[in-house]
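The opening position of the sequence shown corresponds to residue 1 in this note's numbering, with each subsequent residue numbered one higher.
These aren't lab readings, by the way, just hints derived from the structure by calculation. C-beta: ideal position from N, C-alpha, C; glycine also. Mixed in with the good hints, there may be bad ones.
Using C-beta positions, here's what the derived DEER-type ranges look like [to be verified]: (1) Pro-366 with Ile-18: 44 to 52 Å; (2) Gly-266 with Asp-101: 41 to 49 Å; (3) Gly-238 with Asp-169: 36 to 44 Å; (4) Ile-278 with Gly-202: 30 to 38 Å.
Under the rule of at most 27 Å between Cα atoms (straight-line distance), these lysine-lysine pairs were calculated in the BS3-like manner [as the list claims (entries may be wrong)]: (5) Lys-349 with Lys-312; (6) Lys-143 with Lys-349; (7) Lys-384 with Lys-261; (8) Lys-226 with Lys-237; (9) Lys-410 with Lys-187; (10) Lys-3 with Lys-108; (11) Lys-162 with Lys-143; (12) Lys-317 with Lys-349; (13) Lys-437 with Lys-226; (14) Lys-312 with Lys-261; (15) Lys-25 with Lys-104; (16) Lys-437 with Lys-317.
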Amino acid sequence: MIKVITYGTYDLLHYGHIRLLERAKALGDYLIVGVTAEDFDKVRGKINVQQSLMERVEAVRSTGIADEIIIEEYEGQKLDDIKRYDVDIFTVGSDWIGHFDYLKEFCKVVYLPRTEGVSSSGLRSEKRSLSLGLVGETEFLNKVAQECGFVNGIHVGGICAKSTAFMSDALRELPVITDDYEEMAEKVDAIYLRSQPAEHYGQIKLALERGKHVLCESPVVLDRGKYRELQRLADEKGIILMEAIKTAYATAYSRLLLLLKEGKIGEVVSVDATCTSIKSIEGSLQWDGLYEWGPTALLPIFQILGTNYMEKTVVIKYQDEERRHDGFVKADFVYPKAVASMKVGNAVKSEGELVVSGTEGYLYVPAPWWKTDYFEIRYEDRSKNKRYFYQLDGEGIRYELVAFARATEKGRDVAANIDHEVTEHIAGVMEDICEGKGIRLI
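With the hints as constraints, model all of the structure from the sequences given.
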């Protein structure tokens with residue numbers, strides 16, 4: 001019996017996929033199909049896969065062509081599989097010619113011609129074409145525009161800002177450049193907000209009322225009641241309001257949450273997140289440290305320990321005598337069986353690490369933890385320590401954009417990595433601090 005093996009993502013399974021599988025099957029007597037898992041696809045740079053792993057596996061199974069289906073999860077697995085299954089022929093599409101020649105030492109390698117004129121990328125682009133309007137006055141928007149270029153079916157349609165000084169050449173060439181937010185909202189399908197947090201509520205409400213999807217940099221609003229109001233409005237209109245914290249979409253961050261849920265360090269008893277930088281308070285465009293870093297630091301606290309804390313204390317050190325700009329904020333949370341703390345600021349420098357302490361070990365993410373592609377789980381017995389490495393492209397921004405595009409296509413935020421409860425409680429913490437509830441000054 002001649003065994004053949006092939007691999008692919010098989011997203012939005014189409015005629016081209018089926019023809020490749022049929023030709024692969026014709027090479028031998030028994031066909032093994034490896035379907036690539038989401039995390040491995042991200043490592044390979046394929047970040048806009050539309051279907052879940054199980055959906056793709058079922059699509060391949062439904063063709064009736066594969067005799068056996070396996071999951072591809074790591075670099076180097078192809079060679080392991082060839083040895084494990086005693087494979088005679090390895091085959092993939094001709095766009096990979098030469099790439100897998102190293103396998104010829106172990107089996108025959110065949111590159112099959114692809115069906116012209118059809119591809120998953122093309123189908124994804126045809127399936128959706130989202131025009132995104134950028135709002136704000138910060139160089140960060142240049143990065144967002146650049147990352148949009150890596151996401152099929154999403155493009156920047158314009159920008160709304162009072163100044164063009166921060167804009168890259170690419171932004172200056174957009175078809176719509178305006179300082180009129182209502183004009184922008186009329187000319188695009190969705191809005192990306194990086195304006196001042198105090199402006200978010202009015203801007204989001206206007207966008208939602210006009211049927212525009214919204215991806216908003218956190219904090220979405222500074223009032224938990226207003227967030228509930230906006231989310232109800234989005235639900236009523238069947239459109240997407242999504243919080244943008246790029247860390248939530250980094251593969252490493254998603255993986256560490258899963259490992260914690262699996263009990264890799266036992267029961268979690270403490271979460272400590274630090275995010276700091278030193279920035280000038282000059283100019284009206286600068287976000288305070290609480291807004292700049294607070295939501296990011298709160299993210300792992302609320303996602304690991306939940307939002308039902310019993311007590312919260314906050315200490316603030318301001319940068320100016322008028323107490324308009326915070327320089328350092330420390331918040332402590334007490335849970336029934338755990339504690340947490342965040343330290344954030346734009347006028348202080350500290351080690352920007354994330355440490356999660358458990359009854360059996362601890363998880364350590366080095367600075368800058370919010371951009372991590374690496375973390376460690378450490379134990380009392382150091383020989384059991386394990387390191388985890390994951391590729392991070394675009395700081396997580398492009399993965400966030402993919403999730404947003406998928407949500408707008410499906411009509412619900414199934415791809416969002418931050419649930420509404422977390423977003424609401426981040427807004428609630430901002431509200432309490434802005435109103436001076438439980439605040440101490442130093």
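Against the structure, the hints come out as follows:
1. Pro-366 with Ile-18: 44 to 52 Å: Between Pro-366 and Ile-18, where Cβ atoms are some 46 Å apart, the hint holds.
2. Gly-266 with Asp-101: 41 to 49 Å: holds, 47 Å
3. Gly-238 with Asp-169: 36 to 44 Å: The hint (36 to 44 Å, Cβ to Cβ) holds, given that Gly-238 and Asp-169 are roughly 37 Å apart.
4. Ile-278 with Gly-202: 30 to 38 Å: holds, 31 Å
5. Lys-349 with Lys-312: holds, 23 Å
6. Lys-143 with Lys-349: Holds: Lys-143 and Lys-349 sit about 24 Å apart, inside 27 Å.
7. Lys-384 with Lys-261: holds, 19 Å
8. Lys-226 with Lys-237: The hint holds at about 17 Å.
9. Lys-410 with Lys-187: Holds, at roughly 22 Å.
10. Lys-3 with Lys-108: holds, 11 Å
11. Lys-162 with Lys-143: holds, 19 Å
12. Lys-317 with Lys-349: Holds - the C-alpha atoms of Lys-349 and Lys-317 are around 13 Å apart, at most 27 Å.
13. Lys-437 with Lys-226: Within the cut-off at roughly 18 Å; holds.
14. Lys-312 with Lys-261: holds, 24 Å
15. Lys-25 with Lys-104: holds, 19 Å
16. Lys-437 with Lys-317: holds, 15 Å
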